[in-house]
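For the protein sequence lines, the chains are A and B, in the order given.
By the numbering used here, the letter at position 17 of the first sequence is numbered 17, and the numbering carries on one by one without gaps.
By the numbering used here, the letter at position 136 of the second sequence is numbered 136, and the numbering carries on one by one without gaps.
Watch out, some of these pointers could steer you wrong.
[Unchecked claim] Pair by pair, the computed Cβ-Cβ distance ranges are: (1) Ala4(A) - Lys124(B): 47 to 57 Å; (2) Arg37(B) - Gln101(A): 52 to 62 Å; (3) Lys98(A) - Glu41(B): 43 to 53 Å; (4) Glu66(B) - Ala95(A): 24 to 34 Å; (5) Gly145(B) - Gly83(A): 41 to 51 Å; (6) Gly145(B) - Lys36(A): 23 to 33 Å; (7) Ile20(A) - Lys88(B): 27 to 37 Å.
[Said to hold, decoys possible] Derived list of chain A stretches under chain B, where covered just means 3 residues or more per stretch with a C-beta under 8 Å from a C-beta of chain B: (8) 58-70; (9) 73-80.
Quick caveat, the hints were computed from the structure, so don't treat them as lab data.
Even glycine gets a Cβ: it sits at the ideal position worked out from N, Cα and C.
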Amino acid sequence: MSEAKPRIRVPATAKVGDVIEIKTLVQHVMETGNRKTADGKVVPRNIINSFTASFAGKEFFKAEIQPGISANPYLAFFMKVPGPGEFEFTWVDDAGVKVSQKTPLAVG
Amino acid sequence: MEIEIIGRRTFLLGAGASLAVAMFLANLPALAQEPLRSLDEALKKVLGDAKPAESGITLEVPEIAENGNTVPFSLAVDSPMTPESYVKTLHIFASGNPQVGVASYTFTPVSGKAAVSSRMRLAKTQDVVAVAELSDGKFLLGKRGVKVTIGGCGG
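Whole structure, please, built from the sequences with the hints as guidance.
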């Protein structure tokens, strides 16, 4: 996986019970395993195969990802704010590389 | 001379057998996650014998995608998203891709809303199909056609 930091967008502030949108973007080639090089060799599959989102230590959303997702995967989803806390997002690719990022949420 | 030939044949047989065993063992995990090659196969795996209702899923895709490498999509399911009634999983399939699986999203009541947006690859003009698995065991299905000008997947 690229060394570039994933990009996360969450609202600046939120109230308990608000349904907020979370937007994520991570850099990854998402090699499908279908592609061949000029000399006919199959380029081995290497995609981000899983993504998880937790808030205040509890997982609330998960994605199992297949080769049909585009390179540099963008993913937006929602959460109903349960209380104060911090997000933790984790991406894992076929090579076993794991990238995690924590993002605070100002609940007030 | 005779002995040497037999010796070589026995060796080849032995090598062949151990290669076969090694290939069998190597294939075990691969079989478990064999990619789904057809929509029918994918739907059967998700639905089993259940009959999905063809309503309740909003599937937004462009009518015409100029670049099949990155086609935006949004999925949303009508659901109260309470512990009593929520969407457990939402699957999206590209019926005409060499591997039909695109992604499967798992929600919880804390998700608040069973909706996602992302970007997918489409190899050619085809139907995009979404299937939702609800907490009461029912299924919903939605389908939209997309015309693709330049295919993705780097065939």
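Status of the hints after comparison with the structure:
Taking 47 to 57 Å as the suggested C-beta distance range, the pair alanine 4(A) and lysine 124(B) does not conform, at roughly 31 Å. Under the hint 52 to 62 Å, the C-beta atoms of arginine 37(B) and glutamine 101(A), about 35 Å apart, miss the expected range. A hinted range of 43 to 53 Å is violated for the C-beta pair lysine 98(A) and glutamate 41(B), which are about 30 Å apart. Between glutamate 66(B) and alanine 95(A) the beta carbon distance is about 32 Å. The supplied range of 24 to 34 Å therefore holds.
About 43 Å separates the C-beta atoms of glycine 145(B) and glycine 83(A), a value consistent with the hinted range of 41 to 51 Å. A hinted range of 23 to 33 Å for the beta carbons of glycine 145(B) and lysine 36(A) is consistent with their spacing of about 29 Å. About 21 Å separates the C-beta atoms of isoleucine 20(A) and lysine 88(B), a value inconsistent with the hinted range of 27 to 37 Å. For the segment 58-70 of chain A, the assignment as covered by chain B holds, since 13 residues bring a beta-carbon within under 8 Å of that chain's beta-carbons and 3 suffice.
Check result for the segment 73-80 of chain A against chain B: holds, 8 residues qualifying (beta carbon to beta carbon below 8 Å, three or more required).
In the structure shown, a violation is registered for the earlier hints numbered 1, 2, 3, 7, in ascending order.
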